[in-house]
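*Asks:* Just need the whole structure built from these sequences, with the hints factored in.
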Amino acid sequence: MFEVPVFDDLNAWAALPIILLALGTSILLVADLFIPEDRKRLTASLALGGVTVSLVVAMLQALGVEIGEQGAAFADMFIADQFTYVVNVIALSSAFIGILVSYDYFERAEVKRGEYYSLLLFSTMGAMLMGASRNLVMIFVALELLSIPLYLLSAFRKPIAASEESALKYFLLGAFSSGFLVYGITLLYGATGTFDIDGIWTAAVEIIDGEISRQFTLIAGFGLVIVGLGFKVGAVPFHGWQPDVYQGAPTPVTAFMSVTAKTGGFAAMLRVLVAGIPVVVAEDIAMWQDTIQVIALLTLVLGNFVAIMQDELKRMLAYSSIAHAGYLLIAVAAGGTEGIGDQAAQSALIYLLAYTFTNIGAFAVVVAMEHVDYSGTKLNDLKGLSNTNPMLAAVMALFMFSLTGIPGTAGFVGKWFVFKAAIDADLVLLAVVGVLTSVVSAFYYLRVVVNMYMEPGTPETQPETPSLRWALGITAAGTLILGILPYFMTELAEGVTVALIR
Amino acid sequence: MENPEVANELFVLLSAVLFVLGTMGVLLRRNAILIFMSVELMLNSANLALVAFARQWQAVDAHVMVFMVMTVAAAEVAVGLALIVAISRSKETTDVDDLHSLQG
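Each protein sequence line maps, in turn, to chains U and P.
Residue numbering for the first sequence is -10 to 491, as defined by my numbering.
Residue numbering for the second sequence is 6 to 109, as defined by my numbering.
Rather than coming from a laboratory, the hints here were simulated on the basis of the structure.
Note that the coordinates shown come from a computational prediction; the quantities given were computed from them, not determined experimentally.
Glycine residues also receive a C-beta, built at the ideal position from the N, C-alpha and C atoms.
Some hints here could point you the wrong way.
As the list claims (entries may be wrong) - To be clear about the criterion: a stretch of chain U counts as covered by chain P if any three or more of its residues have a C-beta under 8 Å from a C-beta of chain P, and this derived list gives those stretches:
#	region
1	157 to 163
2	175 to 186
Stated by the list, open to error - Example chain P residues on the side facing chain U (calculated, C-beta under 10 Å, incomplete):
#	residue
3	S20
4	T76
5	L104
Stated by the list, open to error - Below, a list of computed lysine to aspartate or glutamate pairs in the EDC-like style, where the Cα atoms sit at most 20 Å apart:
#	chain 1	residue 1	chain 2	residue 2
6	U	K372	U	E449
7	U	K147	P	D100
8	U	K147	P	D66
9	U	K367	U	E449
10	U	K147	U	E96
11	U	K372	U	E480
12	U	K367	U	E301
13	P	K96	U	D362
14	U	K409	U	E483
15	U	K147	P	E97
16	U	K147	U	E99
17	U	K409	U	E301
*Replies:* If you want it as structure tokens, here you go:
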């Protein structure tokens, strides 16, 4: 007989950061109506305050303070464990820095729309929920909650053609990819009779020895889900939208989405694929591992080599972000070996945390360089930056070192753990290609440094405002501190497991 | 008179055909609105399959998913048409081949 759940059964406290953010954002959306156009700074400050509250709760949870029980919540739709908590911290940090980067940019561009911040926070919520889903229905809804605001955010510089076009492109391809995801989820349901990720893997064990037609449905389902999520994270061959969207979207939006969409996408990928490993005990290696390996190899090679040919900074960072999706895919592939799942998830989260600070930081420098009409972001425009603005050049150099993975920066720590997971999972080829492509990536990252320090020129930079300076300071400090003292990251990631506990 | 039983496989097969048609439409059409309609066809083909599977498993989970898909599709329509209107105002076209201000 069906029992009506009472509040205590929901275990809602476990989802406190998301609930707080949802409440705050909804209030903000209404409150913004009463804030006059010339005082939109207040909206930004309120959004920042809301994120801070949520971030503090998420940090406490991640550091082991018991707020709500770990385990399933909301009738098995939601799961709260260390993985969820760390994803929350990453998504909220990127929202925090994203808001700091945004305010002055839109002020300068004379776009005075308070909805911006609500949309940004709704998108953050989507990323947080993607890491917390134990049910495919949730993953679908969370993915759309993540994506739909991003389509709108990309268009925030209308009527500039580049911004509108990037939004339309992102929207059409994003909707196309969710079509694949939905059909994949449908086929998985058809094969197994459940949307529960745990249930699907349990059923998968029987299906593998069973009828051919159900096997086909199951494999096609997983394939389409991988395509749908692959689109979101920008894995080759589903990366086509990324350079155009990253270039055309307003730079603060690019900064935010480059990190948040990846966080959400990879969190869901780890949940859907890697979480099944403890269930499938019959075989040591997951059936999807080869597929992900091939995608990872393609992504690494294409991302890094095409980035070399770019002369536009935002476009180069877009290809670099494809390359970084490749490194994260190494971690996912490593998770396909029995016994490595937890380690792979930990390494992916460490990588994402390091990437959050570094990449938003790099885009924050682009914000400081960019003129109101979208110009001033060519690689050549960086020439001589160390003379005109030594601080900006110094932090940019730091971010470039971190993206390359030079020791002493956060990027190195992330790469170290990912490659270690790959080697422990016997994926030596992936680790070797990963290291080699990192060397290739040094070419285009260091070219930025060379341009700034060794070429003559007098680039114009935008006047630095306190919030942008804070954003640069936080990201630079994060990149350095996490690089020198990786203890903070490993501590957070330590208890991460992928098994879907009840 | 009894309802004639239609085999479940046929519904799924039909949905697969519709899904492929939708995919082809996205890849071959050049008008943003028609591309978007093709995406809707893909989503609705999934809905058909979901309902068929719900009958096969004798469970209502999939019906819930159908409602989710429909709601999300409605949200996407709102956003998508807004974007298409914005772009057709400034460029006076909705042909995706005419959008090339972004090239590396």
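*Asks:* Given the hinted pair U/K409 and U/E483, is their Cα-Cα distance within 20 Å?
*Replies:* 15 Å, holds
*Asks:* Would you mind confirming whether the straight-line C-alpha gap from U/K367 to U/E301 stays at or under 20 Å?
*Replies:* With Cα atoms ~4 Å apart, U/K367 and U/E301 stay inside 20 Å; holds.
*Asks:* Given P/S20 as an interface hint, is the shortest Cβ-Cβ distance to chain U below 10 Å?
*Replies:* Check passed: Cβ of P/S20 comes within 8 Å of chain U, closer than 10 Å.
*Asks:* Can the restraint linking P/K96 and U/D362 be considered satisfied, given a maximum Cα separation of 20 Å?
*Replies:* Status holds; Cα separation ~18 Å.
*Asks:* So if I understand the rule, the pair passes when the alpha-carbon distance is 20 Å or less; does U/K147 with U/E96 pass?
*Replies:* Holds, at about 14 Å.
*Asks:* Verify the proposed pairing of U/K372 with U/E480, using a straight-line Cα cut of 20 Å.
*Replies:* Not satisfied, since the Cα-Cα distance of roughly 40 Å exceeds 20 Å.
*Asks:* Closer than 8 Å, Cβ to Cβ, for at least three residues: run that test on the region 157 to 163 of chain U against chain P and report holds or violated.
*Replies:* holds (count 4)
*Asks:* Given the hint that U/K147 pairs with P/D66, test it: the Cα-Cα distance must not exceed 20 Å.
*Replies:* 41 Å, violated
*Asks:* Next item in the hint list is P/T76. Is there a CB on chain U closer than 10 Å to its CB?
*Replies:* Interface hint status for P/T76: holds (9 Å vs cutoff 10 Å).
*Asks:* Would the hint linking U/K372 and U/E449 be met if the CA-CA limit is 20 Å?
*Replies:* 10 Å, holds
*Asks:* Tell me if the straight-line CA distance from U/K367 to U/E449 falls inside 20 Å.
*Replies:* Holds, because 12 Å separates the two Cα atoms, which is no more than 20 Å.
*Asks:* Between the alpha carbons of U/K147 and U/E99, is the straight-line distance 20 Å or under?
*Replies:* Judged against 20 Å, a Cα distance of about 11 Å means the pair holds.
Checked against the numbered hints listed earlier, the structure breaks hints 8, 11, 17; every other hint is satisfied.
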